[in-house]
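Sequence lines, in order, name chains E and R.
Residue numbering for the first sequence follows this note's numbering, starting at 1 and increasing by one per position.
Residue numbering for the second sequence follows this note's numbering, starting at 1001 and increasing by one per position.
You may find that some hints are simply not true.
[Unchecked claim] What follows is a list of derived Cβ distance ranges for each label pair:
(1) C1073(R) with G244(E): 35 to 41 Å
(2) K1053(R) with R200(E): 55 to 61 Å
(3) P192(E) with C1073(R): 26 to 32 Å
(4) S1209(R) with R144(E): 29 to 35 Å
(5) R1004(R) with R200(E): 16 to 22 Å
(6) G17(E) with G1093(R): 33 to 39 Å
Don't read these hints as lab results, they were simulated from the structure.
Ideal Cβ positions, reconstructed from N, Cα and C, are used throughout, including at glycine.
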Amino acid sequence: MFGLGKPKQISETEAEGEVERAFHEIRQTLRVSGINLNFRTWAGYQKFFPVMWDAMRPNAETRAFETAADRVRAEAVRIAERLGKLDAATSLRLGESQSYQIRRALDLYHYINPKLLVLTSAVSLALDGERTGGATGSVELIERGAPTQMYPMEMVAEEPEDTRLQELFEDIKQTLSLSTINSDYRTLALWPDYLAAGWRALKPITKSEEYKQASEQLRKMAGEVAQTLPYGVPLSRERVEELGEDADEIIETTRKFEHILPSLIINIALFELDWRTPDTLVQSPFPVAARRDIGNRQGGGQ
Amino acid sequence: MNWRDYQSMQRVAEVGERFVSYMGEGTGDPVILIHGIPTWGYLWHRLIPMLAKQNRVLAPDLIGFGYSDKSDCFDRSIARQAEMIDAWMEKVGIERAHIVAHDIGGGIALRLATCFPHRVNKLCVMNTVCYDSWPIEAMLQFGHPETRRKVSASTAVTMLKQALKQGFATSPHDEMLDGLLAPYATEVGKLSLVRNAAALNTNLTTEISPLLARIEAATLIVWGEDDVFQPLKYGERLVRDIPGARLVRVKDARHFVMLDQPDEVAGHVSTFLGE
C-alpha cells in the first residue's frame, strides 16, 4: 500500500473555503456529478489542493485534455476485451430499473476515470520536475457542467453497516492494495448482489500477469498523453514545500493514485463490456461540445 | 414485500432528460398510485397486490424521489411533477387512468384533475395536501439548504424515521420504515430529498382551489382521521368543493392511512374503482 496510512479525506459536505471552491470548479470543469476519491484525498492537504487545482484547470478545460482521456478510455476497452468477460449480471435477478441505473453509473465512471488518470499523471510529472505543455496555437475550450443525463455520484457509506458489504469492501481493498475503497465500488454497492457477482469474476483477473502488465501499459500511456497537454503545470516539490505541506507524502499519495487508476479504468471497462459492445465503449459516453460565446484562447494558459 | 424485492421489480422509462422508475402489476383499467414526501412507490406495497387483482396498477417514483432520477438542479415542484406524470403516461402508453394519491402526491393528483383532466378517469386522494395545508414545519426545516451540511445522511434518516412514526396510528415495523427511507440513506439521496423539500410550495395548491369545482372525475377522499400532519378538516373542505365527492373517514389511522389500515383502504378503493 505504498507505505501510506489512510490519509484524511474531505467530503463535499465538509468542504469549506478554498476547498469548497475547488470542488465546485472540478465538478464544472471536469463535467462530473460528484467528487472522486483522489480529489477528496488531495483536499486533505488543504493548502496544496487549491493550488494544485488552479495549476491544472487551464489544461482540464481544453479539448486536448478531453481527447487525451478519450484515448486512454479507448485503450482500456481494447485491453479489457482481451482480459475476458465478467458476466456479472447473468446469474442475478436484476430489475429493469436496476439494470438501467447500473449502466448509467458505469458510464459515469467510464467517463471520468480516464480524465482523473490524465490529470493525476500531469500532477505527478510536475511534482517530479518534468516539463509538460507548450501549446503555441489556439486551444479549444469545452463546455462546462455535468451532462444532464449523467448519473449522480451516489455511494453507500465508506464503512457500511451491512456486514456483507463490509467484507466485500475489505476483500477489494486487500486484493487491490487500496487504503480506501474507491467511489466506483461504493456506487456499485448500491446494488450489492451485482457488485458481489462482479467482484467474484473480476478478482482472479486482477491477479493475472496480463492484467498487471495491461495496467502498467495504461499508466505509461497516460503519462505520455499528459506530456502533450497544452499548458505547463506550475507545480513543483519546492512550491509544495513553500506552502508548508509535506511534499513527500503528497508525492507518494499522487503516485498511489497514478497506480490505482489504470486498474480501476480497466475494471470499469470490464463491467461495461457485460452491457455494451466494445465499439460503443471506445466512444466517450458523454461527448462534449466546444464552449460557445467565449472563443478560443491563445496558448499560455494561466 | 421488503423494499429490496420491490426495487428489483421496478421498471424504468426515460421522460425527457430524466428517468422514472415505476412498479407495474396486474391487468385491466390502469390505476396510477402517486406517493408523497418523504416516501416513494414502496409506500403502496401493501395496496398494490390487492388492487392488481382487478386493475393494471402502476406506481411511479416521482422525479427526485425513490429510485427515479436524483440528479441535482431540476424543478421538483408539484406543478412539474404533474407535467412529468403526463409525459410519463404518454411514454408508457396510458391515455387515461384512475389516479390514487397521497400527501403531495394528492396535490399532484389535484393538479392533474384540474390542469390535465383528459388524463384522469376516477380520482382518489388520501390525506392529501391541499389549499394551504402544507408544507408542514418539519419539511420546511428539512428543505433548508444548510441541512446538506449540518445533517449527515444517516442522521437525516434517523430523524425522518422518528417523524414518520408520528404519521402512524399503529406501530410500524422498523424494516418497513427503513424501506420507506432507503433511497435517502446516501448523501445523494439526502440531498435530493432536501431539494424536494425546498420545492414544496403552497401556492401550487391554492392557485388551483378555484378550479376544484370544475373537476368532473368521480372523486373519493380517504382520510386517516387522526392525522397530525394533514388534519381531517382539509378532507372535509375538499368534499364540499369537489362536485359529487365522497369522504371516507378511516378510524385508527393517521397520515399513512394505507399502511395503518391496508385492507380497509384497499376495500374502499377497489369498490370505488369498480363502481
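Status of the hints after comparison with the structure:
A hinted range of 35 to 41 Å holds for the C-beta pair C1073(R) and G244(E), which are about 37 Å apart. Between K1053(R) and R200(E) the beta carbons are some 40 Å apart, a value that contradicts the proposed interval 55 to 61 Å. Checking the proposed 26 to 32 Å range against P192(E) and C1073(R) shows it holds: the Cβ atoms sit about 29 Å from each other. A C-beta distance of roughly 42 Å is found between S1209(R) and R144(E), which places it outside the suggested range of 29 to 35 Å.
Roughly 20 Å separates the CB atoms of R1004(R) and R200(E), a value that falls within the hinted 16 to 22 Å. The hint said 33 to 39 Å for the Cβ distance between G17(E) and G1093(R), and at roughly 52 Å that hint is violated.
Hint compliance for this structure: hints 2, 4, 6 are broken, all remaining hints hold.
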